[in-house]
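Peer 1: Each chain is listed here by its residues.
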Amino acid sequence: AQTVTQSQPEMSVQEAETVTLSCTYDTSESNYYLFWYKQPPSRQMILVIRQEAYKQQNATENRFSVNFQKAAKSFSLKISDSQLGDTAMYFCAFMRGGATNKLIFGTGTLLAVQP
Amino acid sequence: DTEVTQTPKHLVMGMTNKKSLKCEQHMGHRAMYWYKQKAKKPPELMFVYSYEKLSINESVPSRFSPECPNSSLLNLHLHALQPEDSALYLCASSQDTQINYGYTFGSGTRLTVV
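Protein chains in written order, with the numbering used here: chain A, 1 to 115; chain B, 1001 to 1114.
Just so you know, the hints here were simulated from the structure itself, not pulled from any lab data. A portion of the hints provided could be inaccurate.
With a straight-line cut-off of 25 Å between C-alpha atoms, the simulated DMTMM-like cross-links for lysine to aspartate or glutamate are [stated by the list, open to error]: (1) B:1022 x B:1003; (2) A:102 x B:1003; (3) B:1040 x A:10; (4) A:78 x A:15; (5) B:1040 x A:86; (6) B:1041 x A:10; (7) B:1038 x A:15; (8) B:1053 x B:1067; (9) B:1041 x A:86; (10) B:1053 x B:1084; (11) A:102 x B:1044; (12) B:1022 x B:1044; (13) A:102 x B:1058; (14) B:1040 x A:26; (15) B:1040 x B:1096; (16) B:1018 x A:86; (17) A:55 x A:26.
One-sided and incomplete, this derived list gives chain B residues near chain A with beta-carbon spacing under 7 Å [said to hold, decoys possible]: (18) 1039; (19) 1043; (20) 1045; (21) 1102; (22) 1105.
Far from chain A, some chain B residues (derived; all Cβ distances over 12 Å) [to be verified]: (23) 1016; (24) 1028; (25) 1071; (26) 1072; (27) 1075; (28) 1086; (29) 1092; (30) 1113.
Beta carbons are placed, not taken as given, at the ideal position from N, Cα and C, and that holds for glycine.
Please work from the sequences and hints to get the whole structure.
Peer 2: Below, the structure is given as structure tokens:
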């Protein structure tokens, strides 16, 4: 069975600074995908970034980037130039490749961006 | 249209009531999902529909009954719920279950069982 672990229940960062959220996962699969989702107080889960396990290059989306260490089974999210609107719960998620995929979420990290 | 729309946004129901949650998407997605999320916890998968057929039921109690009338619509029928069923119910969709671009989520229905 796959598991996803987020060891930081809460984090705080000053506006305009950089913060890194940690995620580790456990799987015996070779074909899988990793995601970071953001859930602000509005409740909607929003996809932040996606990484295919077979790609060595780290994914980036504007101010968001990941550090994907496949051998260590680590998938951290870096947020640069933090903004107040980044305040949210962040979930790391795993999806096995192939048919009938399902997202397995970590326990989440509550990020507060301070003005 | 790149949204998943869920109605109602809030629902309060008694333990003897019957109610339904509705989820709609017009992105041409052929996989749809129901998740349950308790406060400060990650979402937990309940059901997966693929091409309007139920493909996964994560051992959900029969008081929750999903229905997929067409490729754009997903319902969750509720009957004889318990107070512990109070939670945020999230609907999501994806192109299909074999394409791993991730899900598009709705904003959820906040359900309170009294």
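Peer 1: Next step is simple, just say for each hint if it's right about the structure.
Peer 2: Now the hints, each set against the structure:
1. Proposed proximity of residue 1022 of chain B and residue 1003 of chain B is supported: the alpha carbons are some 14 Å apart, at most 25 Å.
2. For the given pair, residue 102 of chain A sits about 20 Å from residue 1003 of chain B by alpha-carbon distance, which is consistent with the 25 Å threshold.
3. A threshold of 25 Å between alpha carbons decides the hint, and for residue 1040 of chain B with residue 10 of chain A the separation of about 11 Å falls inside it, so the pair holds.
4. Simply put, residue 78 of chain A and residue 15 of chain A have alpha-carbon atoms about 14 Å apart, close enough for the 25 Å limit, and the pair holds.
5. For a cut-off of 25 Å, the pair hint linking residue 1040 of chain B to residue 86 of chain A stands: about 17 Å separates their Cα positions.
6. Taken as a hint, the residue 1041 of chain B and residue 10 of chain A pair is honoured in the structure, with Cα atoms around 13 Å apart against an allowance of 25 Å.
7. Under the criterion of a C-alpha separation no larger than 25 Å, the hint pairing residue 1038 of chain B with residue 15 of chain A is inconsistent with the structure, at around 29 Å.
8. A distance of roughly 9 Å separates the Cα atoms of residue 1053 of chain B and residue 1067 of chain B; the hinted pair therefore holds under the 25 Å criterion.
9. About 19 Å separates the Cα atoms of residue 1041 of chain B and residue 86 of chain A, which keeps this hinted pair within 25 Å; it holds.
10. Proposed proximity of residue 1053 of chain B and residue 1084 of chain B is contradicted: the alpha carbons are some 28 Å apart, above 25 Å.
11. Between the alpha carbons of residue 102 of chain A and residue 1044 of chain B the distance comes to roughly 10 Å, so the proposed pair stays at or under 25 Å and holds.
12. A distance of roughly 18 Å separates the Cα atoms of residue 1022 of chain B and residue 1044 of chain B; the hinted pair therefore holds under the 25 Å criterion.
13. The hinted pair formed by residue 102 of chain A and residue 1058 of chain B meets the criterion: a straight-line CA distance of about 11 Å does not exceed 25 Å.
14. In summary, the hint linking residue 1040 of chain B to residue 26 of chain A is supported, as the alpha carbons are separated by about 22 Å, within the 25 Å threshold.
15. Distance restraint check for residue 1040 of chain B and residue 1096 of chain B: the Cα-Cα separation of roughly 29 Å exceeds the 25 Å cut-off, and the hinted pair is therefore not satisfied.
16. Using a Cα cut-off of 25 Å, the hinted pair residue 1018 of chain B and residue 86 of chain A is violated, with the two alpha carbons roughly 38 Å apart.
17. With a C-alpha separation of about 18 Å, the suggested pair residue 55 of chain A and residue 26 of chain A falls inside the 25 Å cut-off, and the hint holds.
18. At its closest, the beta carbon of residue 1039 of chain B sits 11 Å from a beta carbon of chain A; the interface hint therefore is violated under the 7 Å criterion.
19. For residue 1043 of chain B, the interface hint holds, the least distance from its beta-carbon to any beta-carbon of chain A being 6 Å, beneath 7 Å.
20. Nearest Cβ of chain A to the Cβ of residue 1045 of chain B: about 5 Å, under the 7 Å cut. The hint holds.
21. The beta carbon of residue 1102 of chain B is positioned within 7 Å of a beta carbon in chain A (closest approach about 5 Å), and the interface hint is therefore held.
22. Satisfaction of the interface hint for residue 1105 of chain B is found here, the shortest Cβ-Cβ separation to chain A being roughly 4 Å, below the 7 Å cut-off.
23. Against the 12 Å criterion, residue 1016 of chain B stays outside the reach of chain A, whose nearest CB is about 28 Å from its own CB.
24. No beta-carbon of chain A comes within 12 Å of the beta-carbon of residue 1028 of chain B; the shortest separation is about 18 Å.
25. Interface exclusion of residue 1071 of chain B from chain A stands, the closest Cβ pair being 17 Å apart, more than 12 Å.
26. In this structure residue 1072 of chain B is separated from chain A by more than 12 Å, as the shortest Cβ-Cβ distance comes to about 19 Å.
27. The beta carbon of residue 1075 of chain B sits about 20 Å from the closest Cβ of chain A, which is more than 12 Å, so the claim that it is off the interface holds.
28. The non-interface label for residue 1086 of chain B is consistent with chain A: the shortest C-beta to C-beta separation is roughly 15 Å, beyond 12 Å.
29. Taking the minimum C-beta to C-beta distance to chain A, about 7 Å, the non-interface status of residue 1092 of chain B is violated against the 12 Å cut.
30. With a closest Cβ-Cβ approach of about 18 Å to chain A, residue 1113 of chain B is found to remain outside the 12 Å limit, as its non-interface label requires.
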